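> If you read the protein sequences in the order shown, they are chains X and W. Residue 270 in the UniProt record's numbering sits at position 270 of the first sequence, with consecutive numbering throughout. Residue 14 in the UniProt record's numbering sits at position 14 of the second sequence, with consecutive numbering throughout.
Treat the hints as calculated values from the structure; they're not laboratory data. All of these numbers come straight from a predicted model, not from anything done at the bench. Honestly, I wouldn't trust all of these hints.
Any copy will do: because identical chains look the same in the list, a pair fits if it lies in one copy or spans two.
Quick list of in silico lysine-lysine cross-link-like pairs, DSS-like style, CA-CA up to 25 Å [claimed, not checked]:
1. 311 x 29
2. 283 x 228
3. 2 x 180
4. 152 x 162
5. 199 x 76
6. 108 x 228
7. 199 x 152
8. 162 x 108
9. 96 x 152
10. 108 x 311
11. 59 x 36
12. 335 x 120
13. 36 x 76
14. 120 x 108
15. 283 x 21
16. 122 x 228
17. 76 x 58
18. 36 x 181
19. 267 x 162
20. 108 x 122
21. 108 x 21
22. 199 x 180
23. 122 x 29
2 protein chains.
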Amino acid sequence: MKIAVLPGDGIGPEVVREALKVLEVVEKKTGKTFEKVFGHIGGDAIDRFGEPLPEETKKICLEADAIFLGSVGGPKWDDLPPEKRPEIGGLLALRKMLNLYANIRPIKVYRSLVHVSPLKEKVIGSGVDLVTVRELSYGVYYGQPRGLDEEKGFDTMIYDRKTVERIARTAFEIAKNRRKKVTSVDKANVLYSSMLWRKVVNEVAREYPDVELTHMYVDNAAMQLILKPSQFDVILTTNMFGDILSDESAALPGSLGLLPSASFGDKNLYEPAGGSAPDIAGKNIANPIAQILSLAMMLEHSFGMVEEARKIERAVELVIEEGYRTRDIAEDPEKAVSTSQMGDLICKKLEEIW
Amino acid sequence: MKIAVLPGDGIGPEVVREALKVLEVVEKKTGKTFEKVFGHIGGDAIDRFGEPLPEETKKICLEADAIFLGSVGGPKWDDLPPEKRPEIGGLLALRKMLNLYANIRPIKVYRSLVHVSPLKEKVIGSGVDLVTVRELSYGVYYGQPRGLDEEKGFDTMIYDRKTVERIARTAFEIAKNRRKKVTSVDKANVLYSSMLWRKVVNEVAREYPDVELTHMYVDNAAMQLILKPSQFDVILTTNMFGDILSDESAALPGSLGLLPSASFGDKNLYEPAGGSAPDIAGKNIANPIAQILSLAMMLEHSFGMVEEARKIERAVELVIEEGYRTRDIAEDPEKAVSTSQMGDLICKKLEEIW
Ligand SMILES: [Mg+2]
Ligand SMILES: [Mg+2]
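So that you can see chain X by itself, here it is in the shape it has in the complex (with noise of 0.2 Å):
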C-alpha cells in the first residue's frame, strides 16, 4: 500500500502533517503499513526545482496506489506565466495526468457547529450529510466543437452513453454505502444531453435495486439545497451542475475547513476543498478537519477500509461534539486550539473509540 504525500503550499505541510499522525493511529491499531513516499508540487516545486510538477513527482504518483495532496498557490508564484503557475502547472496538470472522471465532495452540516452555518438551525433540521458526484471528464466544459470570434462563441454541452453509465455507478455505489438515496440532477425538460443523461442513468439504477433513484432539475436543486439540504443524500450530477451545485453546498458549513474531496481516475487524488489560504500559513492556526477526512476518504475508497474511515469520522464528530475549535469553526477565538493540537485531540479520540 503506497502512497503518494504532496504537501504543496500555503497550510498544506501542516495540515498533512496532522493527518499523517491520524495515519499512523490507524497503522498501529491495525498492524497495517502504508508506504509514504513525498513529493514537491505548487509553489514548493518550483522553488526546488523550476517547474511546478517535476519528472520525479510525476514518477512518484504514477507509482503510488493514491496520492495524497495538501494544497498548492500563494501570491509569491501569482506573476509567473499562467502554465508555469502552481495552480495551472501544478495542480491541474496532475489532474490531468490522472484522467480523473469523478469529484466526490462530502458535506457535513454537525449539529453542534450550527452557529457556524449561514442557514438557521430548523433549516439544517437533524442536519446536512450529502455528497455530490460531479461527472468530471466531459459535459461542456469538453464538448467539441467550441469556438470564440468577433460575433460569437460557442461550446458543445455533450454526454455520451458510457461515460454517464461509469459516474452513474460511482454514485450509486458511493449511496450503498450510505443511505442509500441518489438524486439525479439535470435539465432534461429542456436539454438534449440531459435527456440522454436521464435515461441512462435509469438503467443503472435497475442494476441498485436497493437504492432509491429521483431526479431533480438543476434550477430547483439550487433552492432545495438551501430551503431542505437534510433531503439529500447521493447528488449525481454532470460536470457543469457539479461544479455549481457543489460550490453552492460548500456554503453550508460554513468552513472550508472543514471539507476533504476525493477525485477517482487512473489513480485516486484525495485533497481538502478549500485552498492553501496563505494569509494563515505556517502560523499554526489552520483547521486540519478537511485533509484529515480526505484521508478518511483515501482509506474508504483507495484501500477498502471502510469501518476505519467511519472511525476516524467519528473521531472527528465527536472531538467537536467535545468543543474543540480551530479559529474557522470557534464562537470565541480566544478558545480556538491550534492546528496541531486539533490534530492530537483527534489522534486520542480515535485510539479510545478503536
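Assemble chain W with the ligands onto chain X, guided by the hints.
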C-alpha cells in the same frame, strides 16, 4: 395606457384583484387612467373556450401596452396532453409569442421578515436587495445544433454579440436606477460562449461610466448568494445560469408569495415568480404582495412611473414592518391577515404616504 389583465387560475384572480385595487389608488392620486382589458388564459380559458390561449386573448395582449398576468395551471387540467395544458399551451405559448429576451427577478429579504428566511440574521446583514437579469432568448436552451440518439445527446451553448449587448444594456439601465452595481456572472475561465459574453459586457459597460461592473464565475456566485447575498445589486447572466441563480435567490426570502417578475419582449409581461398554488386558491389566504410588486414593476418599466413604483414598494414594506402578515410569512398563523385585508392595508398605507 392599455393593460391586458389575465387573472388565470388558482390564486391568480384573487391576488390580481388586490393589485388592481392598488392601481386604483395610483389612478386616483395621479389623475392618470389605465384601460384594463380582461382576457382568459390557462385552465380558465380551457373551461370557457376549450383552449389555453384563445385568439381573443392573443389579440388583447398584442393590442395592449403591457400584460399583467396572475398564474395558470392546476390539477383539474393535468390529464390533458402537454400542449393543451395551461402551462405549455397557455403561458409558454404566450411567452413565445411575445419574443421575450429578458427576465427580471428582484429579491428582497425584508429586515422585519428575517424569521422566514432560511438564512441567519447575521448573513442577511443590512438586508438583501438584488435583482437577477436573465437573458431569455438564447444560450444552451435554444442553441443549434442539438440532438439525441441511443448513444449520445448534445446541445449548443452559444451567444452572439447583439444578444449580449441587448441584455447587458437592460441590466445597466436597471442598475442606473438602483445602487449602480452590476455583477456579470459567467464561466469565462472555461467556456468560449462566456468569453464572448464577458468581452461584450465589458464593451457595453463603457457606455455606463457611473455603474460599477464586476465579473464573477457562476460556481462562486452560487456560493456567494448564501455566504454574503447583500453584496449583490444587479446580477446580469445567461439564460441557463440565470435559471439556476434566480431560483437559488428565490429561496432567500422564505416565501415565493413576495416575489414579482417582469419579462421584456415585443410586449412586456408582468407576473409573480410563484405558481398558481391550487391548494390554497379561493380561500382568501394567499399573499398578494408578489402580484402587487409586479404591478409596481409594470408602472416603472412599461409606463415610466418610477416614483409611483417606489411608493408602492414603500407601502408594502411599511405594512410588513407594522407586523401585518399573510399566512405564508406569519410566525403565528392565527394572527395572519387575509388576501383582501393585506390588499386593503397596502392601499391605505399607499394613500397615507403619497
Ligand atoms: Mg467550482
Ligand atoms: Mg427555473
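> For each hint, tell me whether it holds in the structure or not.
Evaluation of the provided hints:
no.	hint	result
1	311 x 29	within (11 Å within a copy, 70 Å between copies)
2	283 x 228	neither (37 Å within a copy, 27 Å between copies)
3	2 x 180	neither (31 Å within a copy, 56 Å between copies)
4	152 x 162	between (31 Å within a copy, 9 Å between copies)
5	199 x 76	neither (48 Å within a copy, 29 Å between copies)
6	108 x 228	both (14 Å within a copy, 20 Å between copies)
7	199 x 152	between (32 Å within a copy, 11 Å between copies)
8	162 x 108	neither (31 Å within a copy, 44 Å between copies)
9	96 x 152	between (28 Å within a copy, 24 Å between copies)
10	108 x 311	within (16 Å within a copy, 44 Å between copies)
11	59 x 36	within (14 Å within a copy, 75 Å between copies)
12	335 x 120	both (24 Å within a copy, 23 Å between copies)
13	36 x 76	neither (28 Å within a copy, 66 Å between copies)
14	120 x 108	both (15 Å within a copy, 18 Å between copies)
15	283 x 21	within (19 Å within a copy, 63 Å between copies)
16	122 x 228	both (10 Å within a copy, 20 Å between copies)
17	76 x 58	within (23 Å within a copy, 63 Å between copies)
18	36 x 181	neither (36 Å within a copy, 51 Å between copies)
19	267 x 162	within (19 Å within a copy, 45 Å between copies)
20	108 x 122	both (16 Å within a copy, 21 Å between copies)
21	108 x 21	within (23 Å within a copy, 48 Å between copies)
22	199 x 180	within (20 Å within a copy, 45 Å between copies)
23	122 x 29	neither (39 Å within a copy, 44 Å between copies)
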